[in-house]
Amino acid sequence: MERGYWIRSKPVYTSLVWHDKATSHLLVAQGDGGMAVLKIFQLMHPKQPITVLYACNLNSKDYAKTLKKVVPEGLQILNSEEDVLLTLNNILPNMSMGMRLYVAGSEGFIWAASECAKKFGIEDTDIMKELTGTLARSVYCVHCKATTHDITTNIGKCCGCERMLFVRDHFSRRLGAYMGLMVDAESPGILPEIEEIYP
Amino acid sequence: MSTIDVKVSAIEQVTPLVKHFTFVKEDGTVFPAFSGGSHVVISLNIGGRIHRNPYSLMGSPEDTSAYHISVRRQERSRGGSVYMHENVTVGMPFKITYPVNLFSLAKKARKHILIAGGIGITPFMSQIADLERLGADYELHYAFRAPEHGAFAERLKKTCGNKLHCYVDSLGERLDLSVLMGNQPLGTHLYVCGPNPMVVSVFEVARNFGWPENHIHSEQFLAPPIGEPFKIQLARSKKEILVPAEMSMLEAIEAAGVEADFLCRGGACGRCELQILETDGALLHNDHFLTDAEKASGKKIMPCVSRAKCERLLLDI
Amino acid sequence: MTLVFKQETFRDDYRYSNSPSGIKRFPFPFAEDQYMYSVNIEPHGKGKQGSVNEFAFDVDEHYVAECIDKGITLEQDPGRYESLPHMMDAQWDFLELTMESHAQDYPDHFTLKKNGLNWNWENKPLGIKDSFVFGDCSTLPMDPFEYMGRQVQGDFVLLDQRDETLYADAGFITSQADWSLAFNIGMSWKEWHGPVPRVTELGVMDRALKYLMNLQLGSPVRRLNWTMTINPRLDTSPENYPFWGGDRNKVNKENVSDLVHLRVELQALFRLPRSNGIVFVIRCYLINLKEIATYPRWSKRLHRVLKGLHPDLIEYKGLTKFHPLAVDWLSKFDDGATIELGTQPE
Numbered sequence: 021m022e023r024g025y026w027i028r029s030k031p032v033y034t035s036l037v038w039h040d041k042a043t044s045h046l047l048v049a050q051g052d053g054g055m056a057v058l059k060i061f062q063l064m065h066p067k068q069p070i071t072v073l074y075a076c077n078l079n080s081k082d083y084a085k086t087l088k089k090v091v092p093e094g095l096q097i098l099n100s101e102e103d104v105l106l107t108l109n110n111i112l113p114n115m116s117m118g119m120r121l122y123v124a125g126s127e128g129f130i131w132a133a134s135e136c137a138k139k140f141g142i143e144d145t146d147i148m149k150e151l152t153g154t155l156a157r158s159v160y161c162v163h164c165k166a167t168t169h170d171i172t173t174n175i176g177k178c179c180g181c182e183r184m185l186f187v188r189d190h191f192s193r194r195l196g197a198y199m200g201l202m203v204d205a206e207s208p209g210i211l212p213e214i215e216e217i218y219p
Numbered sequence: 018m019s020t021i022d023v024k025v026s027a028i029e030q031v032t033p034l035v036k037h038f039t040f041v042k043e044d045g046t047v048f049p050a051f052s053g054g055s056h057v058v059i060s061l062n063i064g065g066r067i068h069r070n071p072y073s074l075m076g077s078p079e080d081t082s083a084y085h086i087s088v089r090r091q092e093r094s095r096g097g098s099v100y101m102h103e104n105v106t107v108g109m110p111f112k113i114t115y116p117v118n119l120f121s122l123a124k125k126a127r128k129h130i131l132i133a134g135g136i137g138i139t140p141f142m143s144q145i146a147d148l149e150r151l152g153a154d155y156e157l158h159y160a161f162r163a164p165e166h167g168a169f170a171e172r173l174k175k176t177c178g179n180k181l182h183c184y185v186d187s188l189g190e191r192l193d194l195s196v197l198m199g200n201q202p203l204g205t206h207l208y209v210c211g212p213n214p215m216v217v218s219v220f221e222v223a224r225n226f227g228w229p230e231n232h233i234h235s236e237q238f239l240a241p242p243i244g245e246p247f248k249i250q251l252a253r254s255k256k257e258i259l260v261p262a263e264m265s266m267l268e269a270i271e272a273a274g275v276e277a278d279f280l281c282r283g284g285a286c287g288r289c290e291l292q293i294l295e296t297d298g299a300l301l302h303n304d305h306f307l308t309d310a311e312k313a314s315g316k317k318i319m320p321c322v323s324r325a326k327c328e329r330l331l332l333d334i
Numbered sequence: 027m028t029l030v031f032k033q034e035t036f037r038d039d040y041r042y043s044n045s046p047s048g049i050k051r052f053p054f055p056f057a058e059d060q061y062m063y064s065v066n067i068e069p070h071g072k073g074k075q076g077s078v079n080e081f082a083f084d085v086d087e088h089y090v091a092e093c094i095d096k097g098i099t100l101e102q103d104p105g106r107y108e109s110l111p112h113m114m115d116a117q118w119d120f121l122e123l124t125m126e127s128h129a130q131d132y133p134d135h136f137t138l139k140k141n142g143l144n145w146n147w148e149n150k151p152l153g154i155k156d157s158f159v160f161g162d163c164s165t166l167p168m169d170p171f172e173y174m175g176r177q178v179q180g181d182f183v184l185l186d187q188r189d190e191t192l193y194a195d196a197g198f199i200t201s202q203a204d205w206s207l208a209f210n211i212g213m214s215w216k217e218w219h220g221p222v223p224r225v226t227e228l229g230v231m232d233r234a235l236k237y238l239m240n241l242q243l244g245s246p247v248r249r250l251n252w253t254m255t256i257n258p259r260l261d262t263s264p265e266n267y268p269f270w271g272g273d274r275n276k277v278n279k280e281n282v283s284d285l286v287h288l289r290v291e292l293q294a295l296f297r298l299p300r301s302n303g304i305v306f307v308i309r310c311y312l313i314n315l316k317e318i319a320t321y322p323r324w325s326k327r328l329h330r331v332l333k334g335l336h337p338d339l340i341e342y343k344g345l346t347k348f349h350p351l352a353v354d355w356l357s358k359f360d361d362g363a364t365i366e367l368g369t370q371p372e
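Residue numbers (my numbering), protein chains in the order written: chain A, 21 to 219; chain B, 18 to 334; chain C, 27 to 372.
One or more hints might be untrue.
In the BS3-like style, the derived pairs of lysine-lysine whose C-alpha atoms are separated by at most 25 Å in a straight line are [claimed, not checked]:
| # | chain 1 | residue 1 | chain 2 | residue 2 |
| --- | --- | --- | --- | --- |
| 1 | C | Lys358 | B | Lys112 |
| 2 | B | Lys316 | B | Lys256 |
| 3 | B | Lys36 | B | Lys174 |
| 4 | C | Lys316 | B | Lys42 |
| 5 | B | Lys125 | A | Lys138 |
| 6 | C | Lys150 | B | Lys316 |
| 7 | C | Lys316 | C | Lys333 |
| 8 | B | Lys125 | B | Lys36 |
| 9 | A | Lys41 | A | Lys165 |
| 10 | A | Lys41 | B | Lys125 |
| 11 | B | Lys125 | C | Lys358 |
| 12 | B | Lys125 | A | Lys139 |
| 13 | C | Lys358 | C | Lys347 |
Derived from the structure by calculation, the hints contain no laboratory data.
Quantities reported herein were computed from a predicted structural model and do not represent experimental measurements.
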């Protein structure tokens, strides 16, 4: 299906580094994203105010304790990814131009935070993003419009319509998901080999 | 390139240096609507030579019965503005291009800050009409030399009310960019149009305050500079042309009967870009379009405003 | 000019065909015996009388049937129309452009009367008559873009120009060749053109973007693109792929010339005045191999083009399963004689 294509919609993630021009810094992280925050605090701290929001998740190490030691002030440890996003939503209205936003965590978390920031006029190109922990993909089923999370294989079952979806390398920032297309529409029941390629 | 036949229907002296021209269509029909920040390019026949100058449309985009431009008299220029001031009279016909917008409002912005210096107010006149129509949050900061040079300040006061902030240089009034940019809500976009030092300092302050590049917009048309004459060779049309001191490369190419692409003629849009096949001299890049790396590579040039110091410049046209 | 509209279907029983004059004006896309993917943009100027390029928007014998099919597709999946909030000016631009050109070019079928901002629109073929205030959404039964999107043949994407690129921020997509509006909306040029064939010349998409960013009001441009579809089906969407994908297995030696359709997209781009956006029009024309064979010049040409098609393109366009059958059927028309350059039927 994918052989004749090459795809440029896939986001590129970097390592977090401080913006040297800013009026304040806001870091939001989830799960293994805590490591990315620790790494950026190894670099020389900027003099502007810094806020860090963090929550661990079930599959990752909890970095809260270490972060408390490393982040001098402005750290908030939250109970869940949802709480991080909620808190982000609550503090953004009080921020002004010149605040720079940094996000670290799973791909799903990065784009959920990005979608939240977009409401306040922050474009995703203005956000520094680091992908941590897993390459697992969120997959949007183009047939039933359900999004299935944490797919680690080239082909996965849709949580909505249960069709087997081929995970295309085509990414929507708005949905925070890759495109999933029924793999056996032309040959019902005949599936290519299923392999783990997004561990 | 599609053009519109127009004639001058009114001329108004707005300040000692600025004239406001109103155009209507020759055939009496209405103009196309346009978007705030658009400009048109007017063809002027000055002593047998065609000058094409870009001017911002400053009427309301919703008023399609007439187009309005304002021209500041520039004494040390190639004569386009002086011609507009001294020779153009009501009833004279012209050809203008369809509106082009290289300075459009960011539709997703949550707030707009407009900063104008002198005649740089013109693109904002139509943008203000759009912002008012959309009910958008905005501020207009307008700096000019002396009270008599504040073209349209009175008119703007009526439209913008307390969103207008004027700074009159002769009265010692200054716009404090740090105060302005230090405390704006997220999602604010900044627009600047005015003399080069003003544009440069607005960009510098915004960057220092951490504003992302895509939130800062400027419009600066360059007039083609006067320079030394030089020779160019056109590979595809097999011609050699002398570019005189007071003519741009693009004008010289057109005068030689070779059709070249163009849009803004002010070094901003990139449409007239030409590939350089060979040269024996130095390129004098004057445009805002090419990146520094592209300029340094010596492979491309914008013939509307850039020149060269050479005997040989072989262009792919 | 008064058109006669055919009663047809683009699904289920597929009651669809081209009349002899419809075949003759078909926008056959191959001027040469070889096909290479390219951007091939040209001015969308007034073309020859009777041709699909005669007017800015071509209305043909399939008009009524196609508009009915759009309605069915939208009813089943309202997500085929979507518009982000900042696109309202572009929506009105679209309504103005399509109403004005239809009324001007097909006065027997469409009329537009303006009294300031009070507009009266009549679409006789579809039996629509409405009065509304231009710029005031509350005076129309739905968004202006959806309103006219339902009354004009083709698919439409409204592009917003910002940050030195174009964003697909609104769309009305009911006859697409394998791309999903619900998935793609809001994407930038580069994201949206992610999937292009690997054989595309490097940098061609960047150059096309640069060109379109400078597209001028009053100077629209067009290009042709093509693929092949089984059955005269407009809605070959990825959304409904489970329902039409299997049709590719149904092609055999006997039915190949009836089932396999050349699908030509006449893509036109217009700069929009108030929004400074661009409308990208994708108009689909369908013709089966049997109808193509009306003109020996076309069947010979298509045979050569398909036979020499790069394997990546065969895969990209989804032709793999029936490509050999189509080439084989067309081969009997090809005597090997030289055909002059050009797309004309005779």
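Status of each hint after checking the structure:
Restraint check: the Cα-Cα separation between C/Lys358 and B/Lys112 comes to about 57 Å, which exceeds 25 Å; the hinted pair is violated. Distance restraint check for B/Lys316 and B/Lys256: the Cα-Cα separation of roughly 20 Å lies within the 25 Å cut-off, and the hinted pair is therefore satisfied. Annotation: proposed proximity of B/Lys36 to B/Lys174 holds, straight-line Cα distance about 20 Å (limit 25 Å). Between C/Lys316 and B/Lys42 the CA atoms are separated by roughly 52 Å; this puts the pair beyond 25 Å, and the hint is violated.
Straight-line distance between C-alpha atoms of B/Lys125 and A/Lys138 comes to about 10 Å, which keeps the hinted pair within the 25 Å bound. Taken as a hint, the C/Lys150 and B/Lys316 pair is broken in the structure, with Cα atoms around 57 Å apart against an allowance of 25 Å. Annotation: proposed proximity of C/Lys316 to C/Lys333 holds, straight-line Cα distance about 18 Å (limit 25 Å). Restraint check for B/Lys125 and B/Lys36: not satisfied, since their Cα atoms lie roughly 34 Å apart, outside the 25 Å limit.
In summary, the hint linking A/Lys41 to A/Lys165 is not supported, as the alpha carbons are separated by about 41 Å, beyond the 25 Å threshold. Of the supplied pair hints, the one linking A/Lys41 and B/Lys125 holds, its CA atoms being roughly 24 Å apart against a limit of 25 Å. For the hint pairing B/Lys125 with C/Lys358, the CA-to-CA distance comes to about 58 Å; that exceeds 25 Å, so the pair is violated. A hinted pair counts as satisfied when its Cα atoms are at most 25 Å apart, and B/Lys125 with A/Lys139 qualifies at roughly 10 Å.
Distance restraint check for C/Lys358 and C/Lys347: the Cα-Cα separation of roughly 20 Å lies within the 25 Å cut-off, and the hinted pair is therefore satisfied.
Checked against the numbered hints above, the structure breaks hints 1, 4, 6, 8, 9 and 11 and satisfies the rest.
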